[in-house]
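Student: The chain contents come next:
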Amino acid sequence: MDARIGIRNTKSILFKGLIVFLAFVITLPLIVVLLYIIKQGIFQVNWHFLTHVPAPVGETGGGISNALVGSLIIVLMSSVVAIPVGILSGIYLSENPHTKLAYYSGLCVDILQGVPSIVVGIVVYFWIVKPLGTFSAISGSIALAIMMLPIVIRSTEQTLRLLPPSLKEAALSLGVPYHRVILKVIVPCGFAGILSGIMLSIARIIGETAPLLFTAFGNPYLTTAITKPMETLPHLIYTYATSPYDDWHNLAWGASFILLMFVLILNIFTKLITRKWNIQL
Amino acid sequence: MEHTVVSANKFNAWFGDNHVVKDVSIGIEKNQVIAVMGPSGCGKTTFLRCINRMHELIPGATAKGSLKLYDDEVYTMNPIYVRYKIGMVFQRPNPFPNLSIYDNVIAGYKLNGLKVAKAEQDRIVEKSLTSAALWNEVKDSLHKKGTFLSGGQQQRLCIARAIAMEPEVILFDEPTSALDPISTSSVEQLFHELKENYTLIIVTHNMQQAARVSDKTAFFYMGELVEFDVTKKMFTAPSDVRTQNYITGRFS
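As they're listed, the protein sequences go chains A and H.
Residue 197 in the UniProt record's numbering sits at position 197 of the first sequence, and the numbers go up by one each step.
Residue 157 in the UniProt record's numbering sits at position 157 of the second sequence, and the numbers go up by one each step.
No lab work stands behind these hints: they were computed from the structure.
Mixed in with the good hints, there may be bad ones.
[Said to hold, decoys possible] In silico SDA-like pairs for lysine to any residue, Cα to Cα no more than 20 Å straight-line:
#: 1; chain 1: H; residue 1: Lys118; chain 2: H; residue 2: Thr147
#: 2; chain 1: H; residue 1: Lys195; chain 2: H; residue 2: Phe228
#: 3; chain 1: H; residue 1: Lys115; chain 2: A; residue 2: Leu183
#: 4; chain 1: H; residue 1: Lys145; chain 2: A; residue 2: Ile279
#: 5; chain 1: A; residue 1: Lys184; chain 2: H; residue 2: Lys110
#: 6; chain 1: H; residue 1: Lys110; chain 2: A; residue 2: Pro177
#: 7; chain 1: A; residue 1: Lys168; chain 2: H; residue 2: Tyr81
#: 8; chain 1: H; residue 1: Lys144; chain 2: A; residue 2: Ile279
[Said to hold, decoys possible] Interface residues of chain H toward chain A, partial, derived using beta-carbon atoms under 7 Å:
#: 9; residue: Met77
#: 10; residue: Asn78
#: 11; residue: Ile80
#: 12; residue: Arg83
#: 13; residue: Met88
#: 14; residue: Asn94
#: 15; residue: Pro97
#: 16; residue: Ser100
#: 17; residue: Tyr102
#: 18; residue: Gly108
[As the list claims (entries may be wrong)] A short, non-exhaustive set of chain H residues, derived as facing chain A with CB atoms under 7 Å:
#: 19; residue: Tyr84
#: 20; residue: Asn98
#: 21; residue: Leu111
#: 22; residue: Asn112
The C-beta atom is built at its ideal place from N, Cα and C for all residues, glycine as well.
Please put together the full structure from these sequences, using the hints given.
Tutor: Structure, rendered in structure tokens:
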């Protein structure tokens, strides 16, 4: 009996050791990549780097201000489009899970989530860039908004679906009309979950390059004109990393570092929000 | 019949094809405590939820027949108005988790967007919490979240929330089945005080509770209202053999 328990304990320990080891092996490449980006990028970043546009070939210095501003504007515009639509669709899906419309739109959301980002770029190119006759920040924002939508929709839907039905009944039994039940009770109670979905979707699109290649296109100058081509961080990294000049490579590393920090901060923020504002049901 | 608050006449309710409330006729008088008892699945909760039109919120649920609040047909009134007039307390306490105790009590006004002056709000909150025998326990923590209270306190908070709307009738759907014995007795005590101002209809699984708290008792069985009479008579000399069998524990 004792011997058998001994064997079982050993097996248990071996198994535990194995999963810890595998988890470590899986995490290792990620950590190496992160450390490498930090090592290559951190010394590029200074005030000059953040406030100047890229220098022409042959000149030293130069920064990424055009891409920082561009990314900010484009992500903001995408959010303005995708967040309200995403939340409303998410509410619909969680409120009416058994209707035909919900089934098909749920299916579309899943497919949309799987569409390669470059395809989204091509579609927006044909829908918006070609008719308007120019690359523009608007078209880039729309491409990114399409990338954001499924994440916002699904996270809203799943958050709201977890709320107990008794909550809705409590409000309805007080004579509260349906739209106010949703807006004043259901959405506020799921706020933390919805917000974290939004944050994650922003973290996801801020690094997208492919949909911007033939929409926002890129621009070596600082601009805020949304009907004109605009530079973004991932596109700047793409352009400068594939160039043959060392100076430009350094610029790309610096931009990668900034992008990484952005995503990291968004993720930490999301974690904090879900912990702080999570409502005890 | 001028004191009849809620009356049903040949009232029926269905879930899809499932006929759960069959030809129920009943007249409920003002300022009384009515217990509705019966075995599981007898339709008592469904009947209760028809009175404030919560039944129809379940997909596939339908109802037919006459159900009146005073002289008005409930099923032709605006359901929102019906629910103003007929409050409800649920099986499990369900305070709004995002609101403070204060805001939970006043929720019926706030969520409906009814403008009430601050002083009037304070008055309503104090009065409702006092009526729900909760004021002394929470008066110093009105702005804490309602979900920090114990189960029994939460249930009394839900009662206060219903009272705040000044309804005619308050429906209770097995209000103590999720509570411990001490909380249960405090809620039961409340029923005696509340009937001064309101008419209470209480669905309960618990026969002792029905006997303790109610003036009249209705016994539902297989969707039918078998017997409706003064509680004392129901428990001592029921006129229907099914009631007798139920009370003596021959089925449950």
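Student: All the hints need checking, so say for each whether the structure fits it.
Tutor: Okay, the hints, checked on the actual structure:
1. For the suggested pair lysine 118 (chain H) and threonine 147 (chain H), the alpha carbons sit about 24 Å apart, so the restraint of at most 20 Å is broken.
2. A C-alpha spacing of about 19 Å is found between lysine 195 (chain H) and phenylalanine 228 (chain H), which places the hinted pair at or below 20 Å, so the restraint holds.
3. Taking the CA atoms of lysine 115 (chain H) and leucine 183 (chain A), the gap is near 18 Å; set against the 20 Å cutoff, the hint holds.
4. Distance check on the hinted pair: lysine 145 (chain H) and isoleucine 279 (chain A) sit about 10 Å apart at the alpha-carbon level, within 20 Å; holds.
5. For the proposed pair lysine 184 (chain A) and lysine 110 (chain H), the alpha carbon gap of about 9 Å is at most 20 Å, so the pair holds.
6. A distance of roughly 12 Å separates the Cα atoms of lysine 110 (chain H) and proline 177 (chain A); the hinted pair therefore holds under the 20 Å criterion.
7. For the proposed pair lysine 168 (chain A) and tyrosine 81 (chain H), the alpha carbon gap of about 17 Å is at most 20 Å, so the pair holds.
8. Our distance criterion of 20 Å between C-alpha atoms is met by lysine 144 (chain H) and isoleucine 279 (chain A), whose separation comes to about 13 Å.
9. Given the 7 Å rule on beta carbons, the hint for methionine 77 (chain H) is violated: about 11 Å separates it from the nearest Cβ of chain A.
10. Residue-level restraint check for asparagine 78 (chain H) is violated (minimum Cβ-Cβ distance to chain A is 9 Å; threshold 7 Å).
11. The interface hint given for isoleucine 80 (chain H) is met, as the beta carbon of that residue sits about 5 Å from the closest beta carbon of chain A, less than 7 Å.
12. Given the 7 Å rule on beta carbons, the hint for arginine 83 (chain H) holds: about 4 Å separates it from the nearest Cβ of chain A.
13. Given hint, methionine 88 (chain H) at the interface with chain A, holds; its Cβ is 4 Å from that chain's nearest Cβ, closer than 7 Å.
14. About 4 Å separates the beta-carbon of asparagine 94 (chain H) from the nearest beta-carbon of chain A, less than 7 Å, and the hint is met.
15. For proline 97 (chain H), the suggested interface contact is upheld, since its CB lies about 5 Å from the closest CB of chain A, less than 7 Å.
16. Interface restraint check for serine 100 (chain H): the shortest CB-CB distance to chain A comes to about 12 Å, outside 7 Å, so the restraint is violated.
17. The beta carbon of tyrosine 102 (chain H) comes no nearer than 16 Å to any beta carbon in chain A, farther than 7 Å, and the hint placing it at the interface is violated.
18. Interface restraint check for glycine 108 (chain H): the shortest CB-CB distance to chain A comes to about 4 Å, inside 7 Å, so the restraint holds.
19. The closest approach between the C-beta of tyrosine 84 (chain H) and any C-beta of chain A is roughly 4 Å, which is under the 7 Å cut-off, so the hint is satisfied.
20. Here the hint on asparagine 98 (chain H) is kept, as its CB sits about 5 Å from the closest CB of chain A, short of 7 Å.
21. Because the closest C-beta pair between leucine 111 (chain H) and chain A is about 4 Å apart, less than 7 Å, the hint holds.
22. The interface hint given for asparagine 112 (chain H) is met, as the beta carbon of that residue sits about 6 Å from the closest beta carbon of chain A, less than 7 Å.
Of the numbered hints stated above, those contradicted by the structure are hints 1, 9, 10, 16, 17, listed in ascending order.
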